[in-house]
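Student: As given, the protein sequences belong to chains A and B, one line each in that order. Residue numbers for the first sequence follow our numbering, so the first one is 14 and each next one is one higher. Residue numbers for the second sequence follow our numbering, so the first one is 93 and each next one is one higher.
Hints are computed from structural coordinates only; laboratory data are not their basis. Fair warning: there could be bad hints in the mix.
Over 10 Å on every C-beta distance to chain B, these chain A residues come out as not near it, computed from the model [as the list claims (entries may be wrong)]:
| no. | residue |
| --- | --- |
| 1 | Phe-30 |
| 2 | Gly-34 |
| 3 | Lys-41 |
| 4 | Lys-98 |
| 5 | Gly-107 |
| 6 | Asp-150 |
Straight-line distance between alpha carbons at most 20 Å, and here's what the computed EDC-like set of lysine to aspartate or glutamate pairs gives [said to hold, decoys possible]:
| no. | chain 1 | residue 1 | chain 2 | residue 2 |
| --- | --- | --- | --- | --- |
| 7 | A | Lys-19 | B | Glu-461 |
| 8 | B | Lys-372 | A | Glu-22 |
| 9 | B | Lys-451 | A | Glu-80 |
| 10 | A | Lys-131 | B | Asp-486 |
| 11 | A | Lys-19 | A | Asp-150 |
| 12 | A | Lys-45 | B | Asp-275 |
| 13 | B | Lys-309 | B | Asp-421 |
| 14 | A | Lys-45 | B | Asp-486 |
| 15 | B | Lys-465 | A | Glu-24 |
| 16 | B | Lys-451 | A | Asp-29 |
| 17 | A | Lys-19 | B | Glu-455 |
| 18 | B | Lys-451 | A | Glu-22 |
| 19 | A | Lys-45 | B | Glu-396 |
Keep in mind that this is a model prediction, so the values were computed, not measured. We treat Cβ as the ideally placed atom computed from N, Cα and C, and that holds for glycine.
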Amino acid sequence: MAELIKIFEYEVIANDFNIAGTASSAIKRNLKQLGISPVIVRRVSIISYEAEINIIIHSNGGNIYLEIYDDKLTLRAYDNGPGIKNLELAMTEGFSTASNAARELGFGAGMGLPNMKKNSDAFKISSTEEGTKIDIDINIE
Amino acid sequence: MERAFYLDKDKCEGCTNCMRKCPTEAIRLVDDKAAINDDKCIHCGECIRVCPYNAYNPLTNRKDDISKEKFSIVIPSTAVYGQFHIGTEICNIHRALLSLGFDYVYDESWAAELLSLAVKNRVSQLKDIRPIINSNCPAVVRLIKVKYPALLDNILLIESPMEISALLARKNAKELFNIKEEDIEVFYISPCPAKAISVHKPVGTEHSKIDKVISLKEIFGDLIREMKMQKDICFSNPSLKGLKWTVSGGQCEACEIDNSIAVSGIENVLNILEEIENGKLDHIDFVELMACNESCLGGQFNFENPFVAKNNINYIIKTTDTSTILIDDLGRFDEFEKAGLFNMEIRLTDNGNAGLSLKAAVERLDRVEKIWKALPKLDCGSCGAPTCRALAEDIVDGFATIDDCVILKIKK
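Please model the complete structure; the sequences and the hints are all you need to start from.
Tutor: Encoded structure:
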């Protein structure tokens with residue numbers, strides 16, 4: 014059984030592009046300081062950045078949790094709704110429901126979720142009107 | 093030799109300017125004087141640039157080091173061509189170098205033209221790596237090694253125009269002048285400390301093909317004097333494509349890579365590397381990253397303002413009579429490429445924290461966080477560390493104590 018060593022928690026505020034990237038930057042900095050291998054850091058950076066931007070663009074806000082185990086990292090992105098209507102479609106590359114305002118900022122290319130899945134070792138997503146929950150494992154052994 | 097510059101301790105006032113500007117937090121104040129950590133220093137020279145007391149000085153070879161016994165080749169960085177009054181012919185600069193005692197001048201722009209082809213080919217072949225990062229700014233390569241090791245695989249493993257110039261210049265000396273390898277000595281006129289140190293401690297090849305480096309500032313006065321004595325006009329023979337490498341964005345242009353971005357200046361480079369690490373630039377084919385503003389024209393060993401120098405270089409590109417240009421080694425590109433002449437390796441160094449177990453590393457981080465919370469977060473630098481966070485790390489690692497914080501002391 015994997016031993017949990019530490020949990021980091023980051024709050025992500027809906028629609029606030031001023032601080033977009035703050036949580037993923039902090040995650041990246043912490044992982045680098047922990048001496049996690051560069052390749053893993055890069056994968057987590059990509060995942061956490063996508064997760065953070067998704068919460069900002071699409072949700073009513075939420076949290077990102079990074080759990081450090083002795084053999085893996087678990088990233089949980091939990092938001093407070095309104096949920097993804099069609100999960101299967103959302104997992105398709107190029108599909109996007111992002112607003113024009115978000116697209117003008119260069120976001121919303123429809124690669125977020127597929128990209129996150131591609132970079133993870135285990136990927137779980139569930140969504141209701143109360144919120145979307147994404148649980149991702151990245152092995153470090 | 094650790095660095096191509098040194099700190100004159102008598103001039104250092106312990107003002108913290110360099111410490112706070114250092115992109116890798118490599119500087120601390122020790123006994124009120126700046127001290128550089130060689131494991132973290134990327135030789136970008138920002139400290140030289142920001143020092144209000146000119147306490148950092150170049151540490152390179154001098155004119156007197158040109159040996160009479162050896163066949164001395166000199167390669168001026170193409171940035172050198174931007175340092176003189178607009179309209180100055182490159183060939184007059186070359187003549188001035190010869191009058192200083194060099195036997196042969198090799199024009200770096202030709203190596204850059206050859207490499208333009210090599211880069212272009214390589215970028216289109218390596219479709220799986222995006223974006224590809226240029227490797228000709230040694231400060232950027234070192235920055236990636238120290239701060240962004242996950243991006244090492246993105247670096248294009250092609251040697252710099254500086255090294256290829258030295259290789260071709262040696263070949264020419266042997267083929268054209270019948271000189272033996274052991275009788276050749278190659279000098280480089282460098283615009284910056286990063287390239288200068290690369291001769292002694294290369295980021296790529298095992299041994300640099302260059303033997304000695306002179307900073308442009310060191311030799312600038314002599315060149316001006318020699319050029320004033322020249323009466324006749326001569327015709328320059330540069331590669332116009334290669335000269336473009338001197339200005340920011342020019343490498344992208346010369347290599348004909350359309351989907352590319354050019355970034356110059358250390359802070360801009362740091363920002364873009366963060367973006368690349370976040371996977372935001374995977375749709376870009378090539379990024380040209382140069383540590384100095386306005387690329388090599390912004391190097392700290394240059395004399396002229398980089399924007400003025402850029403105009404000088406562009407003037408040369410616009411007005412050179414192409415009918416007089418001789419094509420040197422270009423015809424042999426395929427032969428060179430096949431022989432692996434352009435290839436480069438990057439040697440890896442160990443990561444700082446690699447020795448700690450994950451559990452110990454988490455405990456260390458927790459202690460850093462705890463101490464940091466107690467610090468004033470002014471990032472004033474009075475303690476001798478660049479930020480409160482850096483001080484917290486230094487305390488945990490045993491290099492400082494909480495008493496070093498001046499603000500906390502006053503509050504007590």
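Student: Work down the list of hints and note, for each, if the structure agrees.
Tutor: Against the structure, the hints:
Residue placement check: Phe-30(A) keeps its beta carbon more than 10 Å from all beta carbons of chain B (closest about 14 Å). At roughly 7 Å, the least C-beta separation between Gly-34(A) and chain B is not larger than 10 Å, which violates its mark as non-interface. With a least beta-carbon separation of about 7 Å from chain B, Lys-41(A) fails to lie farther than 10 Å from that chain, contradicting its non-interface assignment. The beta carbon of Lys-98(A) is kept farther than 10 Å from every beta carbon of chain B, the shortest such distance being approximately 26 Å.
In this structure Gly-107(A) is separated from chain B by more than 10 Å, as the shortest Cβ-Cβ distance comes to about 13 Å. Listed as a non-interface residue, Asp-150(A) keeps its Cβ farther than 10 Å from every Cβ of chain B; the least gap is roughly 16 Å. A threshold of 20 Å between alpha carbons decides the hint, and for Lys-19(A) with Glu-461(B) the separation of about 13 Å falls inside it, so the pair holds. Annotation: proposed proximity of Lys-372(B) to Glu-22(A) is violated, straight-line Cα distance about 23 Å (limit 20 Å).
The suggested pairing of Lys-451(B) with Glu-80(A) holds, with an alpha-carbon distance near 13 Å, which does not exceed 20 Å. Only pairs whose Cα atoms come within 20 Å are accepted, and Lys-131(A) paired with Asp-486(B) is rejected, the gap being roughly 38 Å. Taking the CA atoms of Lys-19(A) and Asp-150(A), the gap is near 15 Å; set against the 20 Å cutoff, the hint holds. Taking the CA atoms of Lys-45(A) and Asp-275(B), the gap is about 48 Å. The hint is violated against a cut of 20 Å.
With a C-alpha separation of about 30 Å, the suggested pair Lys-309(B) and Asp-421(B) falls outside the 20 Å cut-off, and the hint is violated. Of the supplied pair hints, the one linking Lys-45(A) and Asp-486(B) holds, its CA atoms being roughly 16 Å apart against a limit of 20 Å. Our distance criterion of 20 Å between C-alpha atoms is met by Lys-465(B) and Glu-24(A), whose separation comes to about 19 Å. At most 20 Å may separate the alpha-carbon atoms for a hinted pair to count; Lys-451(B) and Asp-29(A) exceed this at roughly 34 Å.
A threshold of 20 Å between alpha carbons decides the hint, and for Lys-19(A) with Glu-455(B) the separation of about 9 Å falls inside it, so the pair holds. Annotation: proposed proximity of Lys-451(B) to Glu-22(A) holds, straight-line Cα distance about 18 Å (limit 20 Å). A threshold of 20 Å between alpha carbons decides the hint, and for Lys-45(A) with Glu-396(B) the separation of about 39 Å lies outside it, so the pair is violated.
Violated hints for the displayed structure, listed by number in ascending order: 2, 3, 8, 10, 12, 13, 16 and 19.
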